[in-house]
Amino acid sequence: MAVIAVALSSAAGGFAYFLPAIQEAYDATNVVDIPSPTPTPLNSIGPTAKPSPRTPGAFTVLLLGSDNDTKFIGDQVLTQSMILVRFNPSTKKVVMLSIPRDLWVPLSVGGIGKIDGAYSYGGAGAAIATVENNFGIHIDAYIWIGLAGLVNVINAIGGIDVVTTAPVFDDFYPYDVGPGNPYRYLRVAVMAGPQHLDGTHALEYVRSRHNDLQSDFGRSARQQQVLLALRAKAAAISAADVPQLAAAMKGQIKTNMSLSRIAALLPLAGSIDIRNIQQVVLLPPYTHGCGCPQGYVVPVWGAILPLVHQYFP
Amino acid sequence: MISRALVAAGLAVLKVVSSVGTYAYLGSRKSKVAAPPQNPTAATPSPTAFNLPGTLFMTQAGAIYSFSAGRFHQVTPLNSGWTQLAPYPGGRLLAVKRSLMYSDVYVLNRLGRVLRKLTNNNVAPRNYDPAARHWSFYPRLSANSKNLFMSYDKPKFGFDVPMSIWSVPLGGTINQGRLWSVAIDYTGGDIQPLPLRSGGLVYTKYSYGPDCSGLESQVWYTAQPEQSYGGGRVCAPPDGGNHGRALTLPNEGCQQPSLSPDGRSMAMICNYRTQVSYLNLASWTGSRLGPRRTVIKNQLVAQPTWAPDGSGIAYLAPSVMGQGFQLWFLPKAAYAPPAPSPVPVPTPTPGGPVNGPVPSPSASPTPAPVVIKPIQMTNDLGLDATSPIVWIP
Numbered sequence: 001m002a003v004i005a006v007a008l009s010s011a012a013g014g015f016a017y018f019l020p021a022i023q024e025a026y027d028a029t030n031v032v033d034i035p036s037p038t039p040t041p042l043n044s045i046g047p048t049a050k051p052s053p054r055t056p057g058a059f060t061v062l063l064l065g066s067d068n069d070t071k072f073i074g075d076q077v078l079t080q081s082m083i084l085v086r087f088n089p090s091t092k093k094v095v096m097l098s099i100p101r102d103l104w105v106p107l108s109v110g111g112i113g114k115i116d117g118a119y120s121y122g123g124a125g126a127a128i129a130t131v132e133n134n135f136g137i138h139i140d141a142y143i144w145i146g147l148a149g150l151v152n153v154i155n156a157i158g159g160i161d162v163v164t165t166a167p168v169f170d171d172f173y174p175y176d177v178g179p180g181n182p183y184r185y186l187r188v189a190v191m192a193g194p195q196h197l198d199g200t201h202a203l204e205y206v207r208s209r210h211n212d213l214q215s216d217f218g219r220s221a222r223q224q225q226v227l228l229a230l231r232a233k234a235a236a237i238s239a240a241d242v243p244q245l246a247a248a249m250k251g252q253i254k255t256n257m258s259l260s261r262i263a264a265l266l267p268l269a270g271s272i273d274i275r276n277i278q279q280v281v282l283l284p285p286y287t288h289g290c291g292c293p294q295g296y297v298v299p300v301w302g303a304i305l306p307l308v309h310q311y312f313p
Numbered sequence: 001m002i003s004r005a006l007v008a009a010g011l012a013v014l015k016v017v018s019s020v021g022t023y024a025y026l027g028s029r030k031s032k033v034a035a036p037p038q039n040p041t042a043a044t045p046s047p048t049a050f051n052l053p054g055t056l057f058m059t060q061a062g063a064i065y066s067f068s069a070g071r072f073h074q075v076t077p078l079n080s081g082w083t084q085l086a087p088y089p090g091g092r093l094l095a096v097k098r099s100l101m102y103s104d105v106y107v108l109n110r111l112g113r114v115l116r117k118l119t120n121n122n123v124a125p126r127n128y129d130p131a132a133r134h135w136s137f138y139p140r141l142s143a144n145s146k147n148l149f150m151s152y153d154k155p156k157f158g159f160d161v162p163m164s165i166w167s168v169p170l171g172g173t174i175n176q177g178r179l180w181s182v183a184i185d186y187t188g189g190d191i192q193p194l195p196l197r198s199g200g201l202v203y204t205k206y207s208y209g210p211d212c213s214g215l216e217s218q219v220w221y222t223a224q225p226e227q228s229y230g231g232g233r234v235c236a237p238p239d240g241g242n243h244g245r246a247l248t249l250p251n252e253g254c255q256q257p258s259l260s261p262d263g264r265s266m267a268m269i270c271n272y273r274t275q276v277s278y279l280n281l282a283s284w285t286g287s288r289l290g291p292r293r294t295v296i297k298n299q300l301v302a303q304p305t306w307a308p309d310g311s312g313i314a315y316l317a318p319s320v321m322g323q324g325f326q327l328w329f330l331p332k333a334a335y336a337p338p339a340p341s342p343v344p345v346p347t348p349t350p351g352g353p354v355n356g357p358v359p360s361p362s363a364s365p366t367p368a369p370v371v372i373k374p375i376q377m378t379n380d381l382g383l384d385a386t387s388p389i390v391w392i393p
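Those sequence lines, one after another, are chains H and B.
Counting from 1, one number per residue, gives the positions in the first sequence under this note's numbering.
Counting from 1, one number per residue, gives the positions in the second sequence under this note's numbering.
Since the hints were derived computationally from the structure, they do not count as laboratory data.
Here a beta-carbon is modelled for each residue, glycine too, at the ideal position from N, C-alpha and C.
It cannot be assumed that every hint is accurate.
[Stated by the list, open to error] Covered stretches of chain B (chain H as the covering partner; in silico rule of three or more C-beta atoms under 8 Å from a C-beta of chain H):
id, stretch
1, 30-43
2, 68-78
3, 111-125
4, 129-135
5, 141-150
6, 180-190
7, 198-210
Okay, chain H solo, but in the shape it has when bound (with noise of 0.2 Å):
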């Protein structure tokens, strides 16, 4: 009776400590509705792609993020990151493509705009649903996260180490973390070379695109970085740090992955060697401007899809 006893309240004991791990997987996590029958794109900028047969034990995750302050309501957010990442435990190998987050498309819901929009108009399984049939490739999860999000999580693994690109000047950076007026414009120096980021800086990092000529395109490749960074740090966490980052995603992730799955991601992420790690931005060719007041990427498609067939099997 003793040794029953010790094991019920040693296991309550543990349920205590993952407690709020729980309780946050059960919050962020969505059942993602993908709308079906996909509406047939308007006109021809559509791409003419079909999902390829899918490679056994590989999944695709959709990352999004997400400007989520007070200036927006709700879940009605553009998602100014689009990365899909293909891991592949086989060979471990992981790709990283970087959706322009301007890209002029069929969206799922109907109609074309920029691809940024379809999570705003229906959520997760609109973007994911756009995504799957401009591209022809399919998404076995999302994990959205917000401003605050991605701060409070580095902050939760100890901050980044990261060589940055070069140094990023930004006099109209919004500041709009935390509370205040969310209009406001900050004024933001990261300086270059090796460094370790907090996830304030590191924010900053990854978000500002006016001092670059590439813009949006030199943006996505130091998120890609960022995502580098954390994989390094993933190696390092514990099972006994999740409630802590579980209480640092409090309210600002979003996912459809099972914990199971986020177990099992987490210590192959920590052990793939960073030579097996593709990455792609979609620059010209691939795309190019429209030369128009709304400031959209066109895409090629012709060039884009044997890209991503090439990359997402």
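Once you have looked at the hints, place chain B on chain H.
Same frame as chain H, but now just chain B:
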């Protein structure tokens, strides 16, 4: 016979102990990833195992620390915005004090007392235009100590805020200053000036490379203030003439040039378009670099700084990726090993020629080369890797 009440009480205590114990055990199994860096003055173990000559100054969390005789001393208060140190005559320091919207350059004594403010980059509080403020970074004094060289965000054009290298008479204003470098638009600009005794300047220039494909850093040299490119956006500057000259290739990704005390070698870090950095050395003629030699390639190296007595190079790097930058020292023997012993030659035998073959000297076994490794001077700190180290005798 034990009463039921006693058994129940014992079980209750057992349950409380095991549940609380499990909770505490799990808590103790947390990794150290989120552990905050230690204050250098409180860091354990104390870095007394190896003493460096002179005094080193570096920054962590907005505070300046000195390091001498194996001990750290806090020079300025925590979180006061101090960063980017440079030597100033008389054992004093140049330092940047960074605020939310601007930064200024000061002269401090070695105890951290402000002696002089050299720039004035803030504006009246009622001015709500963020662009009216300025940044001064990477201050360095000219060889004759009459001019302050620094990276300064002027000229800037709306969203385009590149840093340019300026020299300003000590005690003068930016209006009396001289623009030394022509920054490439939308790159972040030109940083890390290194004024030379010859009157020339070495610095780090950012550009989009010859094919305009991606941001690259190059160590650059100019003998005189550069001339404008003459209109139109350029991805990469013209190399030569009045526009200065590249000392390194775009794909080397070199920056943070540091000149040896004898002026004959240059240390720099290069990242070769990767997320690691290498410590490279090259000979320096005063205007040209010799071939690069990598002396550290498995660390995230930053801020190489030569010992004033030439005994080695200090630098910052994490001991574990992502866990904060520590102070390291690379002894000179690691990159300039002593010359090998002379090869023995046959000694003529007294007494004239010998019949038969001349004995050749027997080859003594060559001793295995001793690998000199860098010495880690600190543990568990979070030194500011964007702030140069100052090392004074």
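So, going through the hints one by one against the coordinates:
no. : hint    : in the structure
1   : 30-43   : holds (count 7)
2   : 68-78   : violated (count 0)
3   : 111-125 : violated (count 0)
4   : 129-135 : holds (count 4)
5   : 141-150 : violated (count 0)
6   : 180-190 : holds (count 5)
7   : 198-210 : holds (count 3)
Of the hints listed earlier, those the structure fails to meet are numbers 2, 3, 5, in rising order.
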